[in-house]
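As you go down the protein sequences, you meet chains A and B in turn. Quick note, the first sequence lines up with residues 1 to 554 if you use my numbering. Quick note, the second sequence lines up with residues 555 to 974 if you use my numbering.
Treat each hint with caution, since some may be false.
[Unchecked claim] According to the in silico footprint, chain A covers these stretches of chain B (three or more CB under 8 Å from chain A):
1) 618-630
2) 789-803
3) 840-847
[What the hints assert, rightly or not] Pairs of lysine-lysine, DSS-like flavour, derived with a Cα cap of 25 Å:
4) B:K855 / B:K910
5) B:K858 / B:K942
6) A:K377 / B:K617
7) B:K815 / B:K744
8) B:K744 / B:K833
9) A:K377 / B:K734
10) A:K377 / B:K833
11) A:K151 / A:K261
12) B:K744 / B:K734
13) A:K279 / B:K575
14) A:K528 / A:K215
15) B:K833 / B:K855
To be clear, the hints were calculated from the coordinates, so they are not data collected in a lab. Here a beta-carbon is modelled for each residue, glycine too, at the ideal position from N, C-alpha and C.
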Amino acid sequence: MFGMYMSKKAGKDQKKERRSPGADKHVNEQMKDYEHQPVVPVLTELLDKIKKEMGESSDLIIRGLDLTDRQGKDGDKDIALVYIQGLIEDERLDKFVIQTIQQDPELPSQLKQLKEQVRQTNADSPEEPVLSRIKSHLIAIGLICEIKTFKDLFEKLFLGYALVFIEGSPSGIGCNVYGGPKRSVEEPKTEMMIRGPREGFTESLRVNTILLRRKIRSPKLWMEQMKVGEITQTPVAIMYIKGLADESVIEDLKRRIKDIKNDGILESSYIEEMITDQKWTPFPTIISHERPDVIASNLLDGRVAIIVDGTPFVLVVPSTLNMFFQAAEDYYQNYQMATFLRMLRFSSFFIALLMPSIYVAIIGYHQEMIPTQLLLKLAAQREGVPFPAYLEAFIMELVFEILREAVLRMPSTAGSAISIVGGLVIGQSIVEAGIVSSAVVIVVAFTAISSFVAPIYSLGIAARLLRFLLLIAASTLGFYGIALVMLLILLHMSNLTSFGIPYLKPFAPFNWKDFKDTLLRVPLWMMKERPQQIGDRDQVRDNSAAEPRREPSQ
Amino acid sequence: MKRRLPLWRKLWSGMAIRLIKRLALTVIIASILIPLTGCWDIRYLDKLGVVIALGVDDDPSGKFRYELTVQVVLPQNATSRDGGGNGSPVMTLTEKGDTVFEAIRKMSAKTSRRLFFSHTQLLVIHESTAKKGIFPLMDLIDRNADIRTDISVVIARGVKAAKLLQIRTQMESVPANQIKETILVDQNAKGQLYSVLVRDITRISKSEGQQIAVPAVGVEGDPEAGSTKEIVDRINPKVLPELKTMAVFDGGRLIGYLPPKQSQGLTWSLNKLQNTVLKFPCANGKGHYIMEVIRTDTKVKAEKPKGESEWPTVKMEIRMQSSVHEVTCPGLSINDEQTLLALEEKLNAVVEKEIKSTVDWLMDRKLDALGWGEQIYRDQPALWKQMKARWKTIFPQIQYEIHCISHVESLGARTDAITE
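Use the sequences and the hints to build the structure in full.
Spelled out as structure tokens, the structure:
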């Protein structure tokens, strides 16, 4: 199965030979140019160049330190600190970098020596007592690095490093004093639950990886970080558990991420759209979560997480349709209840998808299919309604979608006003005026509530769009049309894959072992094996003596 | 400097071509499927006149064969929650024709809504029409895929079918429902009648020698008073549809009506009875006691000829579970086992007698409404071949045994009679 996928991938590589002309534009905007520009040892020249490249941006702070007391001569400094204001933590910079350098008694003499040396030889000296002293004795910061080229320089500058440059030295030091405004770890807004951890991911990549490390304390939790977005240079990390995650998936994922050549990554959905297997589908083939516990459990299942700086939504590959019906709380509560909720979610997905079209089909074509009493009730409601049933359903669906979008986009203070207008005007008055029948309002309202049941928002979007397609089919062909479109959807879904895994797994191809966590959520002590994916890896997840404990013997 | 490509050229890349090809294929396949469908005819619900009942009478003028009456529901009146104060829940249309469909099509001159027969519940046939044969009436219903075959059939006894459909009822706002539901209630509580559907009639019409039986409905009160609004405002209605007994047929033609006891016996023999109540005189002759048959099961078997007879013997076994309900016998204590056994035996005897009288009544008229011919065909197919042609004359000579087994399950909340 995967071999087939790999061959497909090879085909893609061939195609890359003919890159679209638009891709050339990025060459000028990349960081690549700076790779060949070394840091110059002359401080004034260096600082001028930085200023020039950044267009003298006013948040660029250059702090010169004149330690050898050559007052008078402007700009003739010994040491310069370069950083972006607000991106660093001032207190740490002051205390552990500037203060220590200023108070060191030996540094001025060494600096003088260095200057002499440079003046005499007029060349870079390979051994540098000043640089190594500052590095090893003076900077009291954990994470430092050497800056040799302008590429390093700009990369680190915008990651929240303070850069230290010394007159006469061909390289600088970057000290990580990252700081500035940051959202604290809060309860996630999109995945609510009653029982379970209250923490959610934030916009900071490092905080997010820490949250995961705190869940999985194992050296086997591996992380690889890369930069995506040729202007934004967004840090993107992939995390997986070595030995559980499929190597070919990891390789493939890395290649797909590296293939992304665009201006910027502002949210993980950018990555999601760029790396999906199928680009023309309303169904989400990559799932995103805001909860560290969910991501941790996915990592333990052998999946790979993609964390993007600047967004609390972490992607998981490969994802199957089944995962969109699982909520974290299923595992934190009684399995009977969880199984019931699973089935509820599956059925409400179908209700959200089908209910309006079934109503339209029954009213328009298949009046014989419903009980007589119900038929008479519906007919009585339809009495005097000016629109045909399908138009009525269309109008109400559209009105609901407008209302939903309005409530989402309005300032929250205006939200209640909209719900009053929507509920009263559309819900009540329109029926009382006899413009639409109350049955349609009931159908649309029930559909709407059902569509909110989906634990993952993106699946609801697929249902929202396909609902209109089904509505058209139902209004032209009745149940036959619904069956036809459902068949097409099924056909489409069984063609989908997510990183080589069939999207409908374990329903098709059917897999009884995986079925334990689909419509059912069997007790944890019965889920002894990890999801069956590709190949045969370490599959035992639960080795506890695990049937429910017997009564202790008396 | 690279030349900027126009938009159409960009779109016309390999991927787009593949996509368009695939899309075109999908559209072609989908459009091939469309002409396969038979559901293309959209009909708006509010443009339909839902026909809930059909009534067939003889044409009084004699020009046509039938006079057809349809009962059409007016949904806004039939389902309004304030008790239908604003008008009649149904209306009737009457038209004449030589066939049912001819009459229906003639009605289109009088309706603003297309008549819709998928929800028809009831077919009422007047007795004089039924005497001429009811099979021709079934053809349209059975043949047309849009009309259900679970329409309940009744014979209008002593009243025109049209009149029966024009009686307003209080319990059910739609009169057809009243008749249909009453039959079911009676079948479950007394068993004097059982519900017969169009598909039962078509099935029996092609079976081995069996004759159909159809419940008959008459009216209590003045049938002319029925259709006005005043009737539903009265507490004691002036007129009500009332169930009579089963009507028996010979080759689809009405022959007569079973007496009440025998009508119940027929229900019992056909295993359609679910629950009934029987009255017994007390041993000392004062008062009565009542036994309810809670569950009953009738099994019929045709056995090889016995003794001198050359024809099979039909064996009927009736199992009953019963309970004692009302006791007005002074001093009767049903506490001891002997009394209970006596009660059981009495019940067996009475049921056996009732069934026997039913069989005799039918044998006198050479009508195999019991389906024994079918039973012999199933159990003794070789013998049936010889009998088939002469079944009508053989049926009265068939030997039969009736065997009742009963068991008293419950005595109610008290044992001794309260009557002194």
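Consistency of the hints with the structure:
{"no.": "1", "hint": "618-630", "verdict": "holds (count 3)"}
{"no.": "2", "hint": "789-803", "verdict": "violated (count 0)"}
{"no.": "3", "hint": "840-847", "verdict": "violated (count 0)"}
{"no.": "4", "hint": "B:K855 / B:K910", "verdict": "holds (16 Å)"}
{"no.": "5", "hint": "B:K858 / B:K942", "verdict": "holds (16 Å)"}
{"no.": "6", "hint": "A:K377 / B:K617", "verdict": "violated (40 Å)"}
{"no.": "7", "hint": "B:K815 / B:K744", "verdict": "holds (11 Å)"}
{"no.": "8", "hint": "B:K744 / B:K833", "verdict": "holds (12 Å)"}
{"no.": "9", "hint": "A:K377 / B:K734", "verdict": "holds (20 Å)"}
{"no.": "10", "hint": "A:K377 / B:K833", "verdict": "violated (44 Å)"}
{"no.": "11", "hint": "A:K151 / A:K261", "verdict": "holds (18 Å)"}
{"no.": "12", "hint": "B:K744 / B:K734", "verdict": "holds (15 Å)"}
{"no.": "13", "hint": "A:K279 / B:K575", "verdict": "holds (16 Å)"}
{"no.": "14", "hint": "A:K528 / A:K215", "verdict": "holds (21 Å)"}
{"no.": "15", "hint": "B:K833 / B:K855", "verdict": "violated (29 Å)"}
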